[in-house]
Every structure is written in structure tokens, then in C-alpha cells.
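Given chain A, put chain B in place with the hints provided.
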Amino acid sequence: DAGVTQSPTHLIKTRGQQVTLRCSPKSGHDTVSWYQQALGQGPQFIFQYYEEEERQRGNFPDRFSGHQFPNYSSELNVNALLLGDSALYLCATNQTGPEAFFGQGTRLTVV
Amino acid sequence: AQSVAQPEDQVNVAEGNPLTVKCTYSVSGNPYLFWYVQYPNRGLQFLLKYITGDNLVKGSYGFEAEFNKSQTSFHLKKPSALVSDSALYFCAVRDGSSGTYKYIFGTGTRLKVLA
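The listed protein sequences correspond, in order, to chains A and B.
As numbered in my numbering, residues 91 to 201 make up the first sequence, in order.
As numbered in my numbering, residues 57 to 171 make up the second sequence, in order.
Chain A on its own, in the form it takes in the complex (with noise of 0.2 Å):
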């Protein structure tokens, strides 16, 4: 059984460029969340899907936007790139509990 995955595992991006970031659910979770985790800090929320929609959101400008797919997997899609976005960005996904599981990131650098 695979776990969350996440592609790609690095890239980087010119200031101003737009990115895509994937993220595959564990087996029969439904559920799935995107957080950042700048260097050094601890992760924080960008916003969760379920059912296709956007279930909450956390305190992130507009040029962060993202989509759930049919098959429960999800985008992540990040707009006119800041140095400051440079991150490592978590998906996770959970089923019926409350515990979430993390993929192993995509480490985003902005240059």
C-alpha cells in the first residue's frame, strides 16, 4: 500500500513564475490538506479539499489555489512566485480519523 506521494520532490522557479505541485492520497483517504513549512518553522495550513471543494482555508494570499480531482488526488498551484514562497510544501491526507499522513514534500526554491 503506498502511502502519500508527492511529486515533484525538488524544483526551482524564477520570481514571477507559476507552479504546480501533486500530491497522490494514501489508499481510501478522501481528504486532503496542503501546508508550508518554511525553514525552521514548524508546518502551517494553506487550505484543505474535500469532495472536490475547498473544505477551509488558512491565512494565505489568493495566488495560492488548488483542485481535488475525482480520484481524491489534489494540485496545488502557486502564482507569481516571491522569494518568500521558497518552502517545503507537505500534502496530507487523511480517511475518517483525525490524524493526518504526510507525503515527504516538495522542496520549492525560489530564485
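Note that these hints are calculated values from the structure, not bench results.
Computed from a predicted structure; not experimentally measured.
Check the hints yourself; a few may be wrong.
Stated by the list, open to error - Below, simulated DSS-like cross-link-like pairs (lysine-lysine); rule was C-alpha separation at most 27 Å, straight line: (1) 133/B to 105/B; (2) 116/A to 114/B; (3) 105/B to 116/A; (4) 114/B to 125/B; (5) 78/B to 168/B; (6) 125/B to 105/B.
Only chain B this time, still in chain A's reference frame:
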């Protein structure tokens, strides 16, 4: 508002000795509490949770945590530390009463187990 505090940036302990990593929380409703561990360049691995019931919860790799409602604490413990336990540990809280789904994480505590 929810918050989590991990007062120690780093904890050093000798191999074989007991370890404690501290966490205090603030939440207006019922706390759902979690501990996660992060190894270098990896995501977070779930260790254990407290939702309700017995205040002492047992998790993976011999870790346990004690929920103390009066002190709003949820300290992570292990009776005998291993060098392989060296990693970054995060405490997280979710308000189980408010309908929110987001976790609030602490800033993390780096555990170093010395051989």
C-alpha cells in the same frame, strides 16, 4: 485561537536515558493532540495522538505521551532513548469542537541522542 508551544529548540539526551520533549497548547474546545517526527529532507511521520480517554497514550517506536488537561500539556516521552531517535519532533493541535480541520504545529524540537 489555537496555539502550540514547544519551549525547547533542542533536547540532548544520552543513549539509554529517558527522554521528554515538552509541548503546551491552547484551544477553546476539545483538543485533539498529535506528535509527529521529521527526519532530514523528509515529510512528517505520525507517532501518536490523543483524542479522548486514557491520558497516557502509546505510539510508534516506543514513544508515549501524557495528556494533562489542567496544565494544557502533552509531553512526549520514551523510557530509553536510541541514537536513531535523533530527529525533529513536532507537536500539533486541532480544535475538535469547532469544526476546524487545520492542524496548528509548534516550531519543533530537535532531539539529539548521544552515543
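Status of each hint after checking the structure:
This hinted pair checks out: residue 133/B and residue 105/B have alpha carbons roughly 13 Å apart, not beyond 27 Å. Straight-line distance between C-alpha atoms of residue 116/A and residue 114/B comes to about 23 Å, which keeps the hinted pair within the 27 Å bound. With a C-alpha separation of about 19 Å, the suggested pairing of residue 105/B with residue 116/A holds against the 27 Å cut-off. Restraint check for residue 114/B and residue 125/B: the C-alpha separation of about 17 Å stays at or below 27 Å, so the hint holds.
Taking the CA atoms of residue 78/B and residue 168/B, the gap is about 14 Å. The hint holds against a cut of 27 Å. Of the supplied pair hints, the one linking residue 125/B and residue 105/B holds, its CA atoms being roughly 15 Å apart against a limit of 27 Å.
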